[in-house]
Amino acid sequence: MSVDLEKLELAAKMILEAIGEDVDRDGLVKTPRRVAKSFEYICSGYFKDPKEVLNDALFESTNNEMVVVRNIEFYSMCEHHILPFFGRVHVAYIPDKKVVGLSKIPRMVNVFARRLQIQEQLTEQIADAIMEVVQPKGVGVVIHARHMCMEMRGVETKHSYTSSSALRGIFLEEKTREEFFNIINAPIQTHF
Numbered sequence: 001m002s003v004d005l006e007k008l009e010l011a012a013k014m015i016l017e018a019i020g021e022d023v024d025r026d027g028l029v030k031t032p033r034r035v036a037k038s039f040e041y042i043c044s045g046y047f048k049d050p051k052e053v054l055n056d057a058l059f060e061s062t063n064n065e066m067v068v069v070r071n072i073e074f075y076s077m078c079e080h081h082i083l084p085f086f087g088r089v090h091v092a093y094i095p096d097k098k099v100v101g102l103s104k105i106p107r108m109v110n111v112f113a114r115r116l117q118i119q120e121q122l123t124e125q126i127a128d129a130i131m132e133v134v135q136p137k138g139v140g141v142v143i144h145a146r147h148m149c150m151e152m153r154g155v156e157t158k159h160s161y162t163s164s165s166a167l168r169g170i171f172l173e174e175k176t177r178e179e180f181f182n183i184i185n186a187p188i189q190t191h192f
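Quick note: the sequence shown, position 122, residue 122 per the UniProt record's numbering, numbers continuous.
Since the hints were derived computationally from the structure, they do not count as laboratory data.
Listed next, the in silico BS3-like pairs over lysine-lysine satisfying Cα-Cα at most 25 Å (straight line):
| no. | residue 1 | residue 2 |
| --- | --- | --- |
| 1 | Lys97 | Lys51 |
| 2 | Lys137 | Lys51 |
| 3 | Lys51 | Lys104 |
| 4 | Lys30 | Lys7 |
| 5 | Lys137 | Lys97 |
| 6 | Lys175 | Lys98 |
| 7 | Lys7 | Lys37 |
| 8 | Lys104 | Lys137 |
| 9 | Lys98 | Lys137 |
| 10 | Lys13 | Lys30 |
| 11 | Lys48 | Lys98 |
| 12 | Lys48 | Lys104 |
| 13 | Lys51 | Lys98 |
| 14 | Lys175 | Lys137 |
| 15 | Lys175 | Lys97 |
| 16 | Lys48 | Lys7 |
| 17 | Lys48 | Lys37 |
| 18 | Lys37 | Lys13 |
Derived Cβ-Cβ restraints for the label pairs, each shown as a range:
| no. | residue 1 | residue 2 | range |
| --- | --- | --- | --- |
| 19 | Arg25 | Leu58 | 47 to 55 Å |
| 20 | Arg34 | Arg107 | 22 to 30 Å |
| 21 | Ser103 | Leu10 | 33 to 41 Å |
| 22 | Arg177 | Lys30 | 44 to 52 Å |
| 23 | Arg153 | Tyr75 | 17 to 25 Å |
Keep in mind it's a predicted model, so treat the numbers as computed, not measured. All residues carry an ideal CB built from backbone N, CA and C; glycine is no exception.
Let the sequences and hints guide you as you build the complete structure.
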C-alpha cells in the first residue's frame, strides 16, 4: 500500500485555488507535486508496522534495571487541523529477560509520529507497543510537544508546551515512577 500522489496533488491544487491563488504562477506551478511528496513522507508511518521494528532487534538479557532513551525528537501532524506538532519523547522500560536494540525505540516512535495523530494517542501507542513486543516489567513514556494548531491559529499561545505520559506495569508504582521522572528531568552532561 502507498500514498496516492495524484489525489494529493489534485487536493493541494484545489486548496490553492480555494484560497484565491493562481496555481499557474511561477512560484506555485510545482507546489502541488511538492505537497504530495511531502505528505508521502510525513504519512509514511501508515505503511510500516512499529511492532516489526521492535521485533527486529530483541535480545536475551539478565538486565533488570531501567533503560531510558531521552530526548527523541519527533515531528507529527495534528489530525484535527493537519498542522505540525513536534517535540521530544522520553522512553523507559525495565527488562524482563529481553532488551530491544536502542536505535529501534526512536525508529518505532517515528513510525507512530508519521501518521495523523494526537499527542495523547501517540504517547499511548508507544507505551503499548513496547509492552506488547518487549514484554518488560513496565514502561514509561513522556512527551513534551509544541502544537502549531495552538500557536499559529486559535488562541495563538506562543511557546506553550503540552506534556503527556503513559505508564505501564511497574512504572505505576511510586518509587519506579519517581526514578523515571528524576532521570528524564536531570540535566544532561555533554562531556562523556
